[in-house]
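Take these sequences, add in the hints, and give me the full structure.
Chains as they are written, first to last, in the numbering used here: chain A, 1 to 220; chain B, 1 to 216.
If you're looking for bench data, these hints aren't it; they were derived computationally from the structure. Not one of these hints is a red herring.
Partial pick of chain B residues on the chain A-facing surface, computed with a CB cut under 10 Å:
id	residue
1	LYS156
2	LEU160
3	GLN174
4	LEU182
5	SER183
Below, a list of computed lysine-lysine pairs in the BS3-like style, where the Cα atoms sit at most 27 Å apart:
id	chain 1	residue 1	chain 2	residue 2
6	A	LYS89	B	LYS156
7	B	LYS211	B	LYS156
8	B	LYS156	A	LYS55
9	B	LYS114	B	LYS51
10	B	LYS114	B	LYS211
11	B	LYS19	B	LYS156
12	B	LYS51	B	LYS121
13	A	LYS179	A	LYS89
14	B	LYS156	A	LYS179
What follows is a set of in silico ranges between Cβ atoms, one per label pair, in the way DEER data are often shown:
id	chain 1	residue 1	chain 2	residue 2	range
15	B	VAL7	A	PRO118	48 to 56 Å
16	A	SER203	B	TYR133	33 to 41 Å
17	A	LEU18	B	TRP11	43 to 51 Å
18	B	TYR133	A	LEU33	49 to 57 Å
19	A	LEU114	B	GLY22	39 to 47 Å
20	A	LEU114	B	VAL208	19 to 27 Å
21	A	GLN133	B	LEU37	53 to 61 Å
22	A	GLN133	B	ARG179	53 to 61 Å
23	B	GLY165	A	GLU88	24 to 32 Å
24	A	PHE29	B	ILE81	35 to 43 Å
25	B	GLY200	A	LEU37	30 to 38 Å
Backbone N, C-alpha and C define an ideal beta-carbon position, used for all residues, glycine too.
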Amino acid sequence: MGYTLNFAAVWRSFDLLLEGLALSLGLAFAAILAGFLIGLLVAFALVSKKLWLRKPAGLYVTVIRNTPILVLVLFSYFALPELGVRLEKIESFVLTLALYSGAYLAEVFRGGLLSVPPGQREAGLAIGLSEMQIRTSIIIPLMLRNVLPSLSSTFISLFKDTSLAAAIAVPELTFEARKINVETFRVIETWIVVSCLYVATCSLLAALLRMVERRLAVPR
Amino acid sequence: MDLSAFVHQLWLARFPLLKGLGMTISISFLAIVIGTLLGIAVGLTLTYGYKPFRGYTDFIRGTPVLVLVLASYYVLSTIGIDLGPFEAGVLALSVFCSSHVGELTRGALQAIPKGQTEAAKAIGLTFSQTFFYVLGPQALRSALPAWVNTAAEMVKASTLLSILGVAELLLRTQELISRTFLSLEFYFFAGFLYFVINYGIERFGRYVERKVTVAS
Numbered sequence: 001m002g003y004t005l006n007f008a009a010v011w012r013s014f015d016l017l018l019e020g021l022a023l024s025l026g027l028a029f030a031a032i033l034a035g036f037l038i039g040l041l042v043a044f045a046l047v048s049k050k051l052w053l054r055k056p057a058g059l060y061v062t063v064i065r066n067t068p069i070l071v072l073v074l075f076s077y078f079a080l081p082e083l084g085v086r087l088e089k090i091e092s093f094v095l096t097l098a099l100y101s102g103a104y105l106a107e108v109f110r111g112g113l114l115s116v117p118p119g120q121r122e123a124g125l126a127i128g129l130s131e132m133q134i135r136t137s138i139i140i141p142l143m144l145r146n147v148l149p150s151l152s153s154t155f156i157s158l159f160k161d162t163s164l165a166a167a168i169a170v171p172e173l174t175f176e177a178r179k180i181n182v183e184t185f186r187v188i189e190t191w192i193v194v195s196c197l198y199v200a201t202c203s204l205l206a207a208l209l210r211m212v213e214r215r216l217a218v219p220r
Numbered sequence: 001m002d003l004s005a006f007v008h009q010l011w012l013a014r015f016p017l018l019k020g021l022g023m024t025i026s027i028s029f030l031a032i033v034i035g036t037l038l039g040i041a042v043g044l045t046l047t048y049g050y051k052p053f054r055g056y057t058d059f060i061r062g063t064p065v066l067v068l069v070l071a072s073y074y075v076l077s078t079i080g081i082d083l084g085p086f087e088a089g090v091l092a093l094s095v096f097c098s099s100h101v102g103e104l105t106r107g108a109l110q111a112i113p114k115g116q117t118e119a120a121k122a123i124g125l126t127f128s129q130t131f132f133y134v135l136g137p138q139a140l141r142s143a144l145p146a147w148v149n150t151a152a153e154m155v156k157a158s159t160l161l162s163i164l165g166v167a168e169l170l171l172r173t174q175e176l177i178s179r180t181f182l183s184l185e186f187y188f189f190a191g192f193l194y195f196v197i198n199y200g201i202e203r204f205g206r207y208v209e210r211k212v213t214v215a216s
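Okay, structure coming up:
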């Protein structure tokens, strides 16, 4: 084969990769925070009895879930300016990812909401809580405990989706990797290191989140 | 927004766009077929085979698809396996699909109650008979709806091949936009086409789910 692995070029730019990784994590984190709120609101709309709330929410979830995220990313960066919405690269990507994760989380939360027994709401009414108080202090905490595993797997896949930001030149991990490739031609080494970084981060996140899940899990 | 200009450009570009659509469909189709075959093998090893195979699915599932696509194109050609962008992309998507189908297969097989295997043993079936007559059909039933969703995932993931320069629907659209500057209209159009395909698959998934669910 005549190819010798030489990681020196990759190690030399390793802090660049770490910066990219930090940005990837930051993007995923910002997106899940916003997506969490969107998902929560949309989930309540999805289980609402009012048709004018339920229908648009359902449409939003169906459209986002059935469109490739790369198309959404490109659309919000290249096409939205034509409508007068001019966003910076990072803002437009976080916005897209937030809307994207919002749709997935809405489905997750909807399932969670339906799994809360109606007796809980009735008990809340019986002790004189308002509908809003019942939601914030009874239903949402119960629901969150139930959906934690799906929430953490959504976060991990969101972290992987941040690699798409490379398509609009946001300097996250995949973008930095391609830059190093072009500069040094150490293609194999770079991709090995980058894949390992992604896998390690994902495993770390998974382990961390599993710890949180265990702490918060409903005792059986 | 100039609707007549858009329609005119769309008409002019109908053949490239259709070719792109065909490309998208053939990429997804190949990835699903190869990925499913590989994935069933992966699922079987995960259920009955050696523990180290966990590493394969964990590694694939821990890596973004975009990284898989880029790595399979650039890395394989450096070590002498010279694949074109199309082959490399399909390979990456198949591998990605196989890890998902693998997990699906494992989940479906492990969800079957132990009593089924024991009952099969009790009436004297061999392992392969147990698998083909008892476990397989039940696993297929519970895994089928999720498998259809994986197919929709593959259609969405096929857009990533545009980054390697495979002329699928998204790349054709981008080419068209760089010529006409109608970015809003054409991105919207491409998004709409993908939506229609995936929505169809999703509805089909629901239909399959209704058909195969055993009334309990």
